[in-house]
Amino acid sequence: MTPTYDKVHNRFKFNGLHFNHDELKEVAYSLIKEGKAYEKVTGDFLIDWLNKEDHLYVTTSGSTGKPKQIKLKKQAMVNSAIATGNFFGLEPGNTALHCLPSHFIAGKMMFIRALVLGLEIDFVEPAAYPAFDYEKTYDFCAMIPLQLKHSINYIHNIKTIIVGGSKVTKPLIEKIKECDAKFYETYGMTETVTHVAVRALESKSGKREQFFNALEHVTFAQDDRKCLVIKAPKLVKETLITNDIVELKSATSFELLGRFDNVVNSGGVKLFPEQIEDKLQPVIKQRFIIGGEEDATLGEKLILIVENPTDSTSDILKVIQDLKTLNKFEIPKKIYTIDKFSETVNGKIQRKKTIKVVLGR
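Start counting the sequence shown at 1; every next residue gets the next number (the UniProt record's numbering).
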């Protein structure tokens, strides 16, 4: 029988203590009244989850546009939790580390997985440098890449880590290879109630997967732009058309190439900024993005924007020109610098806004 959103699993624990539905409400009120800022947000979310409404509102991150409120069915969130539990083999009594903010869907879903699956969840402050019990064994954890980067030397007792929210960089992927945990990069969004697909990253416990693989009851197709189309009836009623260009391997797996609205068409050659950024990561120390600028001859020319670089633009260009992995079309025609990228409240780079600032539009 499928669990329902109005029930709390009898094996659920929050920071070492068991709470039933009514007791958890009291905890939520206490967090709102006496907690720190991040705990107040968690208390507000728990109150919303435990009320009699069959839905709640979740704010998108705003990385590809303005943040907006989305109405999600609570049962869809339960279904997402079950799909994650089945994929990763999570069982009642398993331990989970929660270090994500409760403002957004990823943080909310960590709690819901615990409530639905009967996990023993430890909630710590959602900081860039998460502070947790390094000697305690955890079966499951979700982090953003920045948190994983800062915690990489302290995760020896975490068995499975999912990473999402922004791109996992090449330097971080290299560090992951030396770790014992199993790592998975996630694909999803607020509209799909977090991830609908995952791919394994190489570590001592697992091999790298090129393709993202769907969770249960999720299938994929492409539209005429070669963008991903998601069918996930247990999560969202409507078919969801994305702006993510993919290579479709099957109805349940794909390779992510880049976003349709980021593609630079330079002299008739379509260039994917995300793929070029992957190739540049080993040689550029600071944060950077690839974009396009209007050009009278090419239509668009490829540009590189580097945040607060320590090297001159001429030195950066020389290193790029020496890269064997780039073809001639992938070498930026111009390099710009900026003191600080435009970001969302949770630290994601706002690509379009940053490019507009740099080009003075």
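Bear in mind the hints are in silico, worked out from the structure with no lab data behind them. Treat the numbers as computed from the prediction; the structure is a model and nothing was measured. Every residue, glycine too, gets a C-beta built ideally from N, C-alpha and C. A few of these clues could be false.
As the list claims (entries may be wrong) - Computed cross-link-like contacts, DSSO-like style, restricted to lysine-lysine with a CA-CA straight-line distance of at most 27 angstroms:
| no. | residue 1 | residue 2 |
| --- | --- | --- |
| 1 | Lys36 | Lys25 |
| 2 | Lys170 | Lys318 |
| 3 | Lys234 | Lys270 |
| 4 | Lys68 | Lys13 |
| 5 | Lys52 | Lys170 |
| 6 | Lys175 | Lys204 |
| 7 | Lys249 | Lys234 |
| 8 | Lys204 | Lys234 |
| 9 | Lys333 | Lys356 |
| 10 | Lys25 | Lys40 |
| 11 | Lys301 | Lys226 |
| 12 | Lys204 | Lys231 |
| 13 | Lys25 | Lys66 |
| 14 | Lys249 | Lys237 |
| 15 | Lys40 | Lys249 |
| 16 | Lys68 | Lys348 |
| 17 | Lys226 | Lys204 |
| 18 | Lys348 | Lys36 |
| 19 | Lys7 | Lys73 |
| 20 | Lys177 | Lys279 |
| 21 | Lys270 | Lys237 |
| 22 | Lys318 | Lys182 |
What the hints assert, rightly or not - The calculated label-pair distances, taken between Cβ atoms and stated as ranges, are:
| no. | residue 1 | residue 2 | range |
| --- | --- | --- | --- |
| 23 | Lys237 | Ala127 | 32 to 40 angstroms |
| 24 | Phe329 | Gly89 | 12 to 20 angstroms |
| 25 | Ile70 | Gly347 | 18 to 26 angstroms |
Each hint tested on the structure:
As the CA atoms of lysine 36 and lysine 25 are separated by approximately 17 angstroms, the hinted pair is consistent with the 27 angstroms bound. A hinted pair counts as satisfied when its Cα atoms are at most 27 angstroms apart, and lysine 170 with lysine 318 qualifies at roughly 21 angstroms. Restraint check: the Cα-Cα separation between lysine 234 and lysine 270 comes to about 36 angstroms, which exceeds 27 angstroms; the hinted pair is violated. The suggested pairing of lysine 68 with lysine 13 is violated, with an alpha-carbon distance near 32 angstroms, which exceeds 27 angstroms.
Proposed proximity of lysine 52 and lysine 170 is contradicted: the alpha carbons are some 45 angstroms apart, above 27 angstroms. A distance of roughly 11 angstroms separates the Cα atoms of lysine 175 and lysine 204; the hinted pair therefore holds under the 27 angstroms criterion. Between lysine 249 and lysine 234 the CA atoms are separated by roughly 23 angstroms; this keeps the pair inside 27 angstroms, and the hint holds. Proximity of lysine 204 to lysine 234 is assessed by CA-CA distance (about 34 angstroms); at most 27 angstroms being required, the pair is judged violated.
With a CA separation close to 17 angstroms, the supplied pair lysine 333 and lysine 356 stays within the 27 angstroms bound. Proposed proximity of lysine 25 and lysine 40 is supported: the alpha carbons are some 13 angstroms apart, at most 27 angstroms. Between the alpha carbons of lysine 301 and lysine 226 the distance comes to roughly 23 angstroms, so the proposed pair stays at or under 27 angstroms and holds. With a CA separation close to 34 angstroms, the supplied pair lysine 204 and lysine 231 exceeds the 27 angstroms bound.
Taken as a hint, the lysine 25 and lysine 66 pair is broken in the structure, with Cα atoms around 32 angstroms apart against an allowance of 27 angstroms. Simply put, lysine 249 and lysine 237 have alpha-carbon atoms about 24 angstroms apart, close enough for the 27 angstroms limit, and the pair holds. Between lysine 40 and lysine 249 the alpha-carbon distance is near 44 angstroms, which puts this suggested pair outside the 27 angstroms criterion. For a cut-off of 27 angstroms, the pair hint linking lysine 68 to lysine 348 stands: about 15 angstroms separates their Cα positions.
Between the alpha carbons of lysine 226 and lysine 204 the distance comes to roughly 34 angstroms, so the proposed pair goes past 27 angstroms and is violated. Distance check on the hinted pair: lysine 348 and lysine 36 sit about 24 angstroms apart at the alpha-carbon level, within 27 angstroms; holds. A C-alpha spacing of about 15 angstroms is found between lysine 7 and lysine 73, which places the hinted pair at or below 27 angstroms, so the restraint holds. Taken as a hint, the lysine 177 and lysine 279 pair is honoured in the structure, with Cα atoms around 18 angstroms apart against an allowance of 27 angstroms.
Straight-line distance between C-alpha atoms of lysine 270 and lysine 237 comes to about 33 angstroms, which puts the hinted pair past the 27 angstroms bound. Using a Cα cut-off of 27 angstroms, the hinted pair lysine 318 and lysine 182 is violated, with the two alpha carbons roughly 38 angstroms apart. A C-beta distance of roughly 37 angstroms is found between lysine 237 and alanine 127, which places it inside the suggested range of 32 to 40 angstroms. Separation of phenylalanine 329 from glycine 89 is about 44 angstroms and departs from the stated range, judged on CB atoms against 12 to 20 angstroms.
One distance hint, 18 to 26 angstroms for the beta-carbon pair isoleucine 70 and glycine 347, holds here, with the actual separation near 20 angstroms.
The structure is inconsistent with the numbered hints 3, 4, 5, 8, 12, 13, 15, 17, 21, 22, 24, although it conforms to all the rest.
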